[in-house]
Amino acid sequence: MPLFVEDPAHLSKSRLKSDLVAHSVALPPGESKKQLYVELHLKHIDRKTCAGFSSDEDDQETQDAAEENREVPDPSGLTDEDLKAALLRHGVKAGPIVASTRALYERKLKKLLQSDGHGQLNGAEKGVLYSDSEEEEETGEEDDAESDSEGEKQPVEQSDQAQQESSQEPDKDAFKDLFPDIKATPTGIYASRRRPIKGAAGRPVQYAYPDTPASPMTLERREVERRLVPIHVQLLVFLILACLLYFIYVCVEDGTLNPFVALLDSLHQGSGSEDGLLLQAKTQDTPALYGQE
Amino acid sequence: MSSTSQKHKDFVAEPMGEKSVMTLAGIGEVLGKRLEEKGFDKAYVVLGQFLVLKKDEELFRDWLKDTCGANVKQQGDCYGCLKEWCDAFL
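So the protein lines, in turn, are chains A and B. Start counting the first sequence at 0; every next residue gets the next number (numbering that gives the first Met the number 0). Start counting the second sequence at 0; every next residue gets the next number (numbering that gives the first Met the number 0).
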């Protein structure tokens with residue numbers, strides 16, 4: 000990819016501008032000298048690339064990176080709402096952004112953006128495509144694990160983002176003119192393409208991803224874990240069955256000695272003899288009553 | 000936090016009331032002065048900041064470092080002390 004091999008000073012001014020736009024570097028207002036663009040280029044773009052874009056898909060990647068970074072051109076320029084939204088996209092649930100906390104959140108966002116950059120340098124460009132970054136992935140899960148209200152907040156924040164992006168349409172047109180081969184899409188499509196990456200629709204991809212490279216060991220463990228819970232139930236059922244069988248066995252064993260029959264017999268005999276005795280007694284004591292009966 | 004300082008224990012033992020910011024663990028005379036200069040004269044003002052940062056350790060540490068130049072240990076002491084106080088009294 001020749002784009003970054005070239006010395007920025009040798010690039011045309013419009014090319015520099017488009018590069019800067021692509022890396023969401025805030026362009027100086029109005030028409031400025033080329034030197035200014037070169038400086039910006041060196042400062043913002045070459046620093047990123049010196050450590051690394053090396054694949055053949057740089058156009059695509061830079062575009063993605065641009066989309067990534069375009070969200071937050073400069074934390075200090077964002078409104079409180081936007082700052083909060085930007086942090087949320089990085090998986091940070093910001094507290095109230097007030098005078099005393101704003102600086103901290105701005106710095107945090109910068110840090111997050113930098114760490115995103117590192118992620119890209121490590122060759123996680125595709126990761127950016129599908130899961131934004133490892134950080135986001137983790138915190139995404141976190142979000143899910145936590146209250147639903149957080150999950151509901153996300154789409155709202157992202158619609159904000161869409162508005163934000165639409166305001167930058169002119170920049171993208173310039174970008175598109177200079178890189179026709181990229182097939183840059185209109186803003187609306189950018190927004191809708193981006194959202195699945197980060198939003199709810201992207202989630203399944205994030206969750207699908209960690210499953211696929213699972214080693215046989217982890218699969219085995221998972222299998223065992225899957226079995227673990229039923230085993231408790233099975234044990235319980237087994238115990239119940241064992242008790243039942245034992246009880247039946249005991250009953251049957253006693254039954255061979257005719258416990259019931261013996262019992263019944265003894266009962267019958269007992270009651271019979273008692274009745275007899277009673278009757279005898281009654282007949283003796285109250286013959287009149289007996290006669291009535 | 001295997002061993003906590005006497006200051007920590009004292010602070011966590013009771014509601015902070017109107018205690019000075021210097022009663023916070025990790026905040027000595029120097030840091031206390033700096034905080035007071037910035038308007039954080041009472042422990043509860045620092046608690047307010049702690050709470051508005053949603054008890055986030057990283058952010059609070061950052062804030063403390065910015066505000067009064069606390070070192071890592073001081074940050075940790077102060078954070079731990081406020082955290083524990085919150086757990087006990089909030």
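Source of the hints: derived by calculation from the structure; they are not laboratory data. Take these hints with a grain of salt, some might be off.
[Stated by the list, open to error] The calculated DSS-like cross-link candidates involving lysine-lysine, where the alpha carbons are at most 27 Å apart (straight line), are: (1) Lys-92(A) / Lys-32(B); (2) Lys-82(B) / Lys-110(A); (3) Lys-109(A) / Lys-72(B); (4) Lys-64(B) / Lys-109(A); (5) Lys-92(A) / Lys-54(B); (6) Lys-110(A) / Lys-53(B); (7) Lys-110(A) / Lys-72(B); (8) Lys-53(B) / Lys-32(B); (9) Lys-37(B) / Lys-110(A); (10) Lys-54(B) / Lys-110(A); (11) Lys-32(B) / Lys-109(A); (12) Lys-64(B) / Lys-92(A); (13) Lys-8(B) / Lys-92(A); (14) Lys-18(B) / Lys-110(A).
[Stated by the list, open to error] Chain B stretches covered by chain A per the calculated footprint, using a threshold of three residues with CB under 8 Å from any CB of chain A: (15) 45-52; (16) 55-63.
For each residue, glycine too, the CB sits at the ideal point set by N, CA and C.
Here's how the hints hold up against the structure:
1. Lys-92(A) / Lys-32(B): Distance of about 32 Å is beyond 27 Å: violated.
2. Lys-82(B) / Lys-110(A): Given that 27 Å is the threshold and the Cα spacing comes to 25 Å, the pair holds.
3. Lys-109(A) / Lys-72(B): holds (25 Å)
4. Lys-64(B) / Lys-109(A): It holds: about 18 Å lies between the C-alpha atoms, which stays within 27 Å.
5. Lys-92(A) / Lys-54(B): Distance of about 12 Å is within 27 Å: holds.
6. Lys-110(A) / Lys-53(B): Satisfied, since the Cα-Cα distance of roughly 19 Å is no more than 27 Å.
7. Lys-110(A) / Lys-72(B): holds (22 Å)
8. Lys-53(B) / Lys-32(B): holds (25 Å)
9. Lys-37(B) / Lys-110(A): This hinted pair holds, its Cα atoms lying about 26 Å apart.
10. Lys-54(B) / Lys-110(A): Given pair Lys-54(B), Lys-110(A) holds - Cα atoms ~19 Å apart, limit 27 Å.
11. Lys-32(B) / Lys-109(A): Violated, at about 30 Å.
12. Lys-64(B) / Lys-92(A): holds (22 Å)
13. Lys-8(B) / Lys-92(A): It is violated: about 31 Å lies between the C-alpha atoms, which goes past 27 Å.
14. Lys-18(B) / Lys-110(A): At roughly 35 Å apart (the allowed maximum being 27 Å), Lys-110(A) and Lys-18(B) break the hint.
15. 45-52: Our answer is that it holds, as 3 residues pass the Cβ test (under 8 Å) against chain A, meeting three.
16. 55-63: holds (count 5)
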